[in-house]
Amino acid sequence: MSPVSWLGWTSDFADLVRVPVTPFSHVGIMMTSWVRPAIEPSDLPTDEKERNDLAIAERDYFRRLWTAQMFRASKLADQLRELQALPDSALRNPLPPISIPIDITGRKSSDVAGTLELKLVRGTSSRILVGDIAVIGSDVIGRITRVGMTRAQLIPMNHKDIGLTRASIVPAHPSNLRSPLLAEIILQSNGGPTMFADVPATSGVQTGDIVHLNDPSWPRSGTGLTLGVVTEVVQIDEAPLRQRLIITPRRRARDVSRVIVLGTGEEE
Amino acid sequence: MRALIVIITTIFALAFDSSFTGILTLRSVGSITPLAMPCLVVFIALFAPETIALLVALLLGALVDLSPGYGELVGGAHLIGPHALGYLVTALLVLRIRNVVFRRRVITIAVLTTAAVIVTGATEALVLLVRGILPWTPALKGGGFSDLIKLFGTAIYTGILAVPLGWCLLATIGLWKFHSPTGRSATWR
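Going down the list, the sequences are from chains A and B.
For any residue, its number in our numbering is found by taking its place in the first sequence, counting from 1, and adding 2.
For any residue, its number in our numbering is found by taking its place in the second sequence, counting from 1, and adding 344.
Please keep in mind that the hints were generated in silico from the structure rather than gathered at the bench.
Being a predicted model, the structure only gives us computed values, none of them experimental.
Do not rely on the hints blindly, as some may be mistaken.
[What the hints assert, rightly or not] One side of the interface only, derived from the structure: several residues of chain B facing chain A at Cβ under 10 Å:
#1 Ile-349
#2 Phe-360
#3 Asp-361
#4 Phe-364
#5 Leu-368
#6 Arg-371
#7 Pro-378
#8 Pro-393
#9 Ile-396
#10 Leu-399
#11 Leu-423
Ideal Cβ positions, reconstructed from N, Cα and C, are used throughout, including at glycine.
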């Protein structure tokens, strides 16, 4: 019945209690991911003609991007020449993120949005900070909420405590007919298996479109990573000019035994 | 009752519930997952002396509350109570009826484990409800009919899992060194 602020000691106590359990849980997680592996997401069409059309559309799209990047590179080269005139102290960049593979050692399997326990190994605790991003491939699966003495805690993207997240929606298959950036959204989670966001009805978002992280409050290394796919577009009766998007993460931490944390802490 | 056996079994039960059960999760029907800990609580409540059974149930519940995914609050703090009190109430109920059931039957453990999950779930809901009323704690969110159905599903699935687990526990009953306070007449069943 005590306020949350009085219960801080329980996190350290949980760390100690989990010490003897962690090795067995680790084996269990590895066995679970071996027996019931995650299904690899595939959004490619099965028909050969469609695949060829898609390949041609993608080739044209990337060719345009390449041209645009060439112009951008020239522009950046000009800026670089200006920056080279500055003193050395002005050129120091923030540390790039470090990819740290971390084993999952505990979770509540019945809760699709439940927190996960990560094993901390020697030398990694200082590199992982609260708020760092955990990924599988290019898919964001959650954020670190706590780094304890022996373990770290990760909340998945669909956990209710993840808060509001800014994101961008792009077409699943680039084409000339659709805008490369369909909408910018504020993503919300309610603790269920999916997330949701509202967009104008004219945005042209369709089922299967990809949602990318685009939130300045998240670590910079996460920008552009995938948050999920649009699995449902629902018309909101109360607001006829808006649609509700149901977004499902492509990868879930509960299906794997190991995640990559993009650590932003400094090496010891 | 041998403390070492209880500690080892508890570690295995905690590890089972936080990892191995992922193999048995029914992902297509709301991620219903069986639990090993209620089976252990029922087994101990069936055979251990009354005071020890209550204390162990309370302790096991507290350990479950400290497990990942259970009763977690802001900043990684854990809410100790929902499972601790839930298992305590379960142990109390089992203690009341253990003299009128066939204790050494697997089916008894399975049925009581099913009931234990429901009792624990109800106690947990009550604790969270009371906590939500207090002005310094956030109001309770979630629950509803879907969670009730999930609780019953979990109870039935846990009862099914209790058949092999109960068999294993009964097969090792000699190692536990239970001393029944009520004498031979209470243990012959």
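The hints, checked one at a time:
1. Ile-349: violated (15 Å)
2. Phe-360: Result: holds, 7 Å to nearest chain A Cβ.
3. Asp-361: holds (8 Å)
4. Phe-364: holds (4 Å)
5. Leu-368: holds (8 Å)
6. Arg-371: holds (8 Å)
7. Pro-378: With a closest approach of 9 Å, the Pro-378(B) hint holds.
8. Pro-393: For Pro-393(B), the interface hint is violated, since the closest Cβ of chain A sits about 25 Å away, which is over 10 Å.
9. Ile-396: violated (20 Å)
10. Leu-399: Cβ of Leu-399(B) sits 17 Å from chain A, so the hint is violated.
11. Leu-423: holds (7 Å)
Checked against the numbered hints above, the structure violates hints 1, 8, 9 and 10; every other hint is satisfied.
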